[in-house]
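Residue numbers (our numbering), protein chains in the order written: chain A, 80 to 374; chain B, 188 to 458.
One thing to keep in mind: the hints can contain errors.
Here are the simulated EDC-like cross-link-like pairs (lysine to aspartate or glutamate), alpha carbons at most 16 Å apart as the crow flies [stated by the list, open to error]:
| hint | chain 1 | residue 1 | chain 2 | residue 2 |
| --- | --- | --- | --- | --- |
| 1 | A | K334 | A | D292 |
| 2 | B | K333 | A | E184 |
| 3 | A | K334 | A | E319 |
| 4 | B | K333 | B | D403 |
| 5 | B | K333 | A | D183 |
| 6 | A | K334 | A | D349 |
I should point out that these hints are in silico values taken from the structure, not numbers from a laboratory.
No experiment lies behind these values; they were computed from the predicted model shown.
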Amino acid sequence: MTNPSHNHVRCLNAGAEEIVRISCVRHTYEDGTMVHLCGLDFVAHRGERVAVLGPNGSGKTTMLFHVLGLMRPEEGSVSVFGVRPADEWPRIRRWVGVVLQNVDEQLLAPTVFDDVAFSPRQYGLPEPEAASKAHAALEMLDIAHLATRVPHNLSGGEKRKVALAGALAMEPELLVLDEPFEGLDPVSRTSLLDLLGRLSAERGMTTILSTHDIDTVPEFADYAYVLAPGGRIAVSGTPEEIFSSADVLARGNIKPPVLAELFARLRDRDASAPSPALSVPEAVEAILKWRGAGD
Amino acid sequence: MDITVVDRSATLGDSLLHRAAPASKLAASGLIVATVVVTSDPLIMASVAFALVGASAMLRLPLRSMLPLALYPAIFAFIFAFAAANGPVTTALIVLKAVTAALAMVMLVFTTPYPQVFAAVQRVTPVIVGDALLLTYRSLFILAEKFSDLSRAVRLRAGVSARQPLRSARATTRALGGLLLYAFDLSQRDYDILRLRGYDGGLRVSPQRSSAPGVDAAAIGFGLAALMLAIVFRALPLPGYSWIPGLAGALALGAGLIIGRNHTTKQRGAR
Numbered sequence: 080m081t082n083p084s085h086n087h088v089r090c091l092n093a094g095a096e097e098i099v100r101i102s103c104v105r106h107t108y109e110d111g112t113m114v115h116l117c118g119l120d121f122v123a124h125r126g127e128r129v130a131v132l133g134p135n136g137s138g139k140t141t142m143l144f145h146v147l148g149l150m151r152p153e154e155g156s157v158s159v160f161g162v163r164p165a166d167e168w169p170r171i172r173r174w175v176g177v178v179l180q181n182v183d184e185q186l187l188a189p190t191v192f193d194d195v196a197f198s199p200r201q202y203g204l205p206e207p208e209a210a211s212k213a214h215a216a217l218e219m220l221d222i223a224h225l226a227t228r229v230p231h232n233l234s235g236g237e238k239r240k241v242a243l244a245g246a247l248a249m250e251p252e253l254l255v256l257d258e259p260f261e262g263l264d265p266v267s268r269t270s271l272l273d274l275l276g277r278l279s280a281e282r283g284m285t286t287i288l289s290t291h292d293i294d295t296v297p298e299f300a301d302y303a304y305v306l307a308p309g310g311r312i313a314v315s316g317t318p319e320e321i322f323s324s325a326d327v328l329a330r331g332n333i334k335p336p337v338l339a340e341l342f343a344r345l346r347d348r349d350a351s352a353p354s355p356a357l358s359v360p361e362a363v364e365a366i367l368k369w370r371g372a373g374d
Numbered sequence: 188m189d190i191t192v193v194d195r196s197a198t199l200g201d202s203l204l205h206r207a208a209p210a211s212k213l214a215a216s217g218l219i220v221a222t223v224v225v226t227s228d229p230l231i232m233a234s235v236a237f238a239l240v241g242a243s244a245m246l247r248l249p250l251r252s253m254l255p256l257a258l259y260p261a262i263f264a265f266i267f268a269f270a271a272a273n274g275p276v277t278t279a280l281i282v283l284k285a286v287t288a289a290l291a292m293v294m295l296v297f298t299t300p301y302p303q304v305f306a307a308v309q310r311v312t313p314v315i316v317g318d319a320l321l322l323t324y325r326s327l328f329i330l331a332e333k334f335s336d337l338s339r340a341v342r343l344r345a346g347v348s349a350r351q352p353l354r355s356a357r358a359t360t361r362a363l364g365g366l367l368l369y370a371f372d373l374s375q376r377d378y379d380i381l382r383l384r385g386y387d388g389g390l391r392v393s394p395q396r397s398s399a400p401g402v403d404a405a406a407i408g409f410g411l412a413a414l415m416l417a418i419v420f421r422a423l424p425l426p427g428y429s430w431i432p433g434l435a436g437a438l439a440l441g442a443g444l445i446i447g448r449n450h451t452t453k454q455r456g457a458r
């Protein structure tokens with residue numbers, strides 16, 4: 080785990096290609112609100128799944144918009160695939176898939192199929208290839224049955240899946256997701272987590288995800304950054320590192336996942352209690368082992 | 188009205204007109220608009236309008252949703268014609284011209300998915316025109332939904348009712364002001380999203396080919412016939428025969444309604 084007082088050295092994926100780096104970026108909104116993404120460098124390597132956590136207004140979306148070249152830093156630097164996205168977006172856009180927080184604004188075409196095929200067609204792929212990519216993305220998300228539906232008539236969760244299919248249709252190397260689990264039922268959320276894990280492992284796709292849904296972070300992320308109000312990157316580390324330390328959680332103003340809290344309370348009562356497990360199977364194993372040791 | 192009805196009809200409809208090529212439908216609409224510009228005979232205008240309504244009924248297009256949209260410009264046309272005060276014939280002509288042109292366009296958008304329409308328009312206009320059309324059309328859906336949410340919020344939070352028109356108007360105006368600011372913000376976001384998804388000016392669509400060439404020919408033929416009729420009647424005023432187009436239009440409307448009704452009855456019987 081790293082914090083601003085330590086050198087920022089990442090052991091995870093050491094030597095892997097660096098895809099995104101954000102260094103001390105500042106942005107001032109028209110109403111004077113300033114977001115200063117400083118403290119630590121934000122780095123995402125190839126194939127890594129990185130979560131960005133933080134309270135409302137801490138600058139999570141601002142950070143993602145800088146990655147997408149939608150904002151130009153007033154100070155500091157942003158590098159994506161080795162270029163400045165605000166200046167050279169056309170060079171890298173084909174490798175980047177995105178799902179924004181308000182998916183309603185992201186769905187452009189009159190049918191689900193046309194929407195998923197939108198990017199392949201805009202990038203000039205021949206129609207059979209564009210159609211095949213769209214079909215593959217629909218199948219991947221298990222929404223092929225929605226292909227002829229009008230996107231605006233779908234439920235919130237279905238719209239989110241359509242937006243994600245649209246983002247995945249071009250087989251991106253970097254996927255940027257802003258609050259992707261909002262509106263998804265638990266089953267869809269689990270299958271989305273599985274899918275993101277699979278894509279990361281099979282294709283080496285890098286995923287950056289901002290979320291309030293703390294419980295998904297241990298399941299999803301290899302690495303996480305915690306933003307404090309105002310945009311300061313307060314802490315970074317693996318989910319285990321972040322969620323096992325009450326001090327770190329307090330600094331980031333975040334509530335721990337249910338399992339982390341459970342283990343923390345067990346340890347408060349009994350020092351022999353196991354160290355936190357962040358998935359249900361791990362927790363079951365740890366508790367059984369602990370109980371066995373007690374007997 | 189729910190604006191998604193237009194998208195649903197254009198995308199999921201399966202009438203004969205849906206199967207025609209977008210370019211043919213655009214050409215036919217253009218010819219009807221040209222007829223509207225050229226003609227000075229209210230009977231010809233009425234004939235074309237009736238024929239379009241008849242064709243819509245015959246093709247079982249959603250007339251209930253189409254007519255309010257087509258009649259909407261009639262309000263403004265009537266106010267303009269009334270202010271000009273040139274007599275009832277001129278008033279009728281101005282109102283009919285507005286309604287007929289609107290009806291032709293409404294038929295086009297109810298039977299053709301909008302990317303097909305805009306892609307065809309972009310082939311003959313500067314890219315910026317196509318961009319503007321696309322962004323405007325996209326924003327309509329979102330703004331319509333936002334306005335509906337705002338109206339509901341105004342009713343709930345401001346306690347607005349029909350008995351308090353002044354208070355109601357004040358609250359609605361505030362909501363509209365908010366919507367205007369939202370619209371500015373939305374236009375930027377819309378552009379950003381298009382850019383992120385690979386749009387760099389010029390909508391690329393897979394061109395829809397006609398699966399009913401006869402309908403293409405009939406649509407263009409109808410437009411051409413209407414325009415020729417308008418030109419002939421304008422060049423050679425034949426007052427004694429000016430009831431002919433009116434009768435033709437009325438017959439077309441009647442035939443359309445009967446065929447449409449029979450078709451619906453047969454389908455119900457089949458179920």
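Results of checking the hints against the structure:
1. A:K334 x A:D292: Within the cut-off at roughly 10 Å; holds.
2. B:K333 x A:E184: 12 Å, holds
3. A:K334 x A:E319: 14 Å, holds
4. B:K333 x B:D403: 38 Å, violated
5. B:K333 x A:D183: Holds, at about 11 Å.
6. A:K334 x A:D349: 22 Å, violated
Hint check: violations occur at hints 4 and 6; the rest are consistent with the structure.
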